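Construct the entire structure; sequences and hints are all you get.
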Amino acid sequence: MGRMKTAAIPGVRDLRLDLFRGLALWFIFIDHVPDNVVSWLTVRNYGFSDATEIFVYISGYTAVIAYSRMMARQGWMRAAARIWRRVWQLYVAHILLFVAFIAQIAWVSTKSDTAALIEEMQLLGLGQDPYRAMLEAALLNFRPTNLDVLPLYIVLLAFFPLLLPVLLRWPRAVLLASLALYAATCHFDWNLTGYPAEKVWFFNPMAWQVVFYTGAVMAVLAPNLGWMDRWRRPVSVAAFLYLCFAAFIALSWHYNSLENLIPDIVARQIYPIDKTNVDILRFLHFLAIAWFVRLAVPADAAFLRWRLLQPLRRCGEHSLQIFCVGTFLALSAQIVDAHFDGSLLSQLVVSFLGIAIMTAFAYAATWFKVKSDLKAG
Amino acid sequence: MKLRSLVLGALMAILLPSVASLADDAKCRASRKMLDLGNPLEVARASVADKKQLRIVAMGSSSTQGYGASNPAFAYPAQLKMNLDRIMPGVDVHVFNKGVGGQDADEEVERMSADVKEHKAQIVVWQVGTNSAIRRTPLDKFAAKLRAGIDIGRKLGPEFVLMNLQYVPAVVALPDEEEYARVMAEVAKEKNVGLFRRFEIMRAWYNDGMPYAQFVTNDGLHLNDFGQKCIGKLLSLSILNAVKPPQLTVEPKPRN
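In the order they appear, the protein sequences are chains A and B.
Going by numbering that gives the first Met the number 0, the first residue of the first sequence is number 0, and it counts up by one from there.
Going by numbering that gives the first Met the number 0, the first residue of the second sequence is number 0, and it counts up by one from there.
Since the hints were made in silico from the structure, they are not lab data.
Take these hints with a grain of salt, some might be off.
[To be verified] A short list of chain B residues far from chain A (calculated; beta carbon distances all over 12 Å):
hint: 1; residue: Thr63
hint: 2; residue: Lys116
hint: 3; residue: Pro210
hint: 4; residue: Asp224
[As the list claims (entries may be wrong)] Have a look at the derived ranges for each label pair, beta carbon to beta carbon:
hint: 5; chain 1: B; residue 1: Ser30; chain 2: A; residue 2: Ala300; range: 56 to 66 Å
hint: 6; chain 1: B; residue 1: Ser112; chain 2: A; residue 2: Phe367; range: 56 to 66 Å
hint: 7; chain 1: A; residue 1: His253; chain 2: B; residue 2: Asn191; range: 53 to 63 Å
No experiment lies behind these values; they were computed from the predicted model shown.
All residues carry an ideal CB built from backbone N, CA and C; glycine is no exception.
Written out as structure tokens, the structure is:
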């Protein structure tokens with residue numbers, strides 16, 4: 000049964016996934032540099048959702064693409080083992096990133112004698128009880144700022160082998176269960192605990208799983224989504240209106256004259272737009288964007304192969320490495336930017352330099368992969 | 000060629016400086032009247048004078064914890080310490096962050112005794128009101144909890160500064176957020192404790208034309224880096240005013 004379903008999932012690489020995941024990685028980097036003027040180029044300022052939704056959704060989608068065929072060919076055991084090996088790689092990457100992150104702060108603070116940075120170092124939670132902090136970091140309980148996306152991904156993927164067979168057989172049931180867990184999490188305010196004790200997960204896995212599994216279910220159903228096109232017009236109209244509404248609200252944060260036009264009764268319904276539990280407004284906003292991307296960008300669209308867009312695709316192909324490089328560089332960018340008092344020029348330079356370095360890493364990763372594939376072949 | 004443009008770029012970056020941060024400094028403002036806590040902080044003054052020491056417990060919820068700031072060092076308690084270190088040279092300043100996201104006056108009263116005892120503070124800054132307003136806690140119950148918290152804490156030695164609600168879309172949209180701010184002012188007066196008028200200070204920012212994006216995160220509820228840093232800075236000026244250590248001649252100059 001599962002075999003039949005999985006046969007329908009195409010074996011060709013879907014370039015859209017690489018391209019948009021690359022784009023999400025660039026956006027995450029740019030948005031992680033505080034007060035960055037370049038972030039006007041990212042989705043964040045034009046609506047409720049941001050690059051995190053794109054990244055998590057595509058992660059769910061690609062997880063199905065990557066592991067369902069493996070399960071069909073080599074059985075569940077083999078696929079599960081591969082997924083858990085991937086989880087281990089993510090974990091190793093996270094720990095490496097954690098160490099590099101702390102080392103960067105330590106290096107800068109000793110080099111520049113910047114008292115504020117040393118204080119930041121202590122405030123990251125290392126100062127009072129470094130041994131405990133190390134233990135909690137290893138357990139994923141202690142996640143300094145900006146190091147909280149990978150732990151989310153680790154948790155989501157760790158449970159994925161258990162759900163993969165169910166997903167391939169009853170995708171709609173998985174979607175329903177996922178939505179139910181999401182609704183319950185929001186309603187009962189469930190979250191996992193962290194370190195220090197009063198901290199919770201900034202990206203609550205029990206809520207964010209809904210984005211991941213929506214992506215996964217869409218990957219399973221992708222060959223049979225033709226029925227959606229019967230509703231193309233009404234859905235497009237609704238999605239368009241919703242995107243306009245979201246853009247209006249998001250721009251109102253920048254222009255008080257727009258803000259004053261929003262009636263209290265509307266504001267009371269929409270705020271707060273929670274990120275920890277992916278507020279439903281954020282999720283719908285992402286879905287509206289995804290709907291238009293599906294209409295506008297078919298998997299065989301010619302522009303997906305443009306050379307000009309190759310840097311994006313390369314970054315998307317090596318998402319784990321590039322995510323780590325980007326997070327590390329966002330901190331460097333923040334430090335450089337602070338050194339130049341956040342001048343406009345330094346914002347532009349660090350943003351574009353950061354993207355150039357991420358891209359260089361992606362090309363290097365491709366080069367290594369080609370070399371080792373040749374050797375193996 | 001490349002090297003020259005790099006050097007040129009670096010030079011320009013240095014010469015073009017501070018546009019953002021100077022602007023941020025100018026934006027972080029409050030009138031002198033708004034920074035007045037309304038009550039002197041005698042215990043803190045004595046401690047600063049005699050022991051050159053000031054210990055502050057920051058009690059509260061997510062604002063205190065620093066949810067929404069890109070770095071825990073930007074949360075207002077950490078900023079309060081950095082600013083007090085600067086404007087009270089020679090004084091050993093400690094600020095203990097006791098913010099727990101999502102908590103309400105109820106839950107904070109529960110842990111007041113333990114948290115205050117643990118740190119032997121001279122000042123408790125109690126950031127409260129927002130979650131009570133969002134959860135529609137009845138006003139009389141809210142007032143009773145405030146009184147209870149102040150009574151429990153004060154028995155252990157420190158003086159109180161109540162920090163009222165933040166002026167952000169999620170709070171402004173409530174039908175009666177100003178009632179909660181009013182109750183806090185009344186309780187502060189009745190109990191002779193300080194009141195840090197965060198709500199009024201931030202409302203003045205907004206009314207002066209500062210957009211929400213400058214000081215609020217995209218969720219419409221929590222303070223961002225600028226908001227946190229600025230509140231920390233203004234609070235340090237308020238506390239300095241109320242402590243007025245005699246040996247310090249530094250006059251805070253908040254802009255009007």
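So, going through the hints one by one against the coordinates:
1. Against the 12 Å criterion, Thr63(B) falls within the reach of chain A, whose nearest CB is about 10 Å from its own CB.
2. The non-interface label for Lys116(B) is consistent with chain A: the shortest C-beta to C-beta separation is roughly 17 Å, beyond 12 Å.
3. A Cβ of chain A approaches the Cβ of Pro210(B) within 12 Å, the least distance being about 5 Å, so the stated non-interface status is violated.
4. With 12 Å as the threshold on Cβ separation, the claim that Asp224(B) sits away from chain A is violated: the shortest Cβ distance comes to roughly 6 Å.
5. Taking 56 to 66 Å as the suggested C-beta distance range, the pair Ser30(B) and Ala300(A) conforms, at roughly 58 Å.
6. Distance hint check: the CB atoms of Ser112(B) and Phe367(A) are about 59 Å apart, consistent with the given range 56 to 66 Å.
7. For His253(A) paired with Asn191(B), a C-beta distance near 42 Å fails the hint of 53 to 63 Å.
Of the numbered hints stated above, those contradicted by the structure are hints 1, 3, 4, 7, listed in ascending order.
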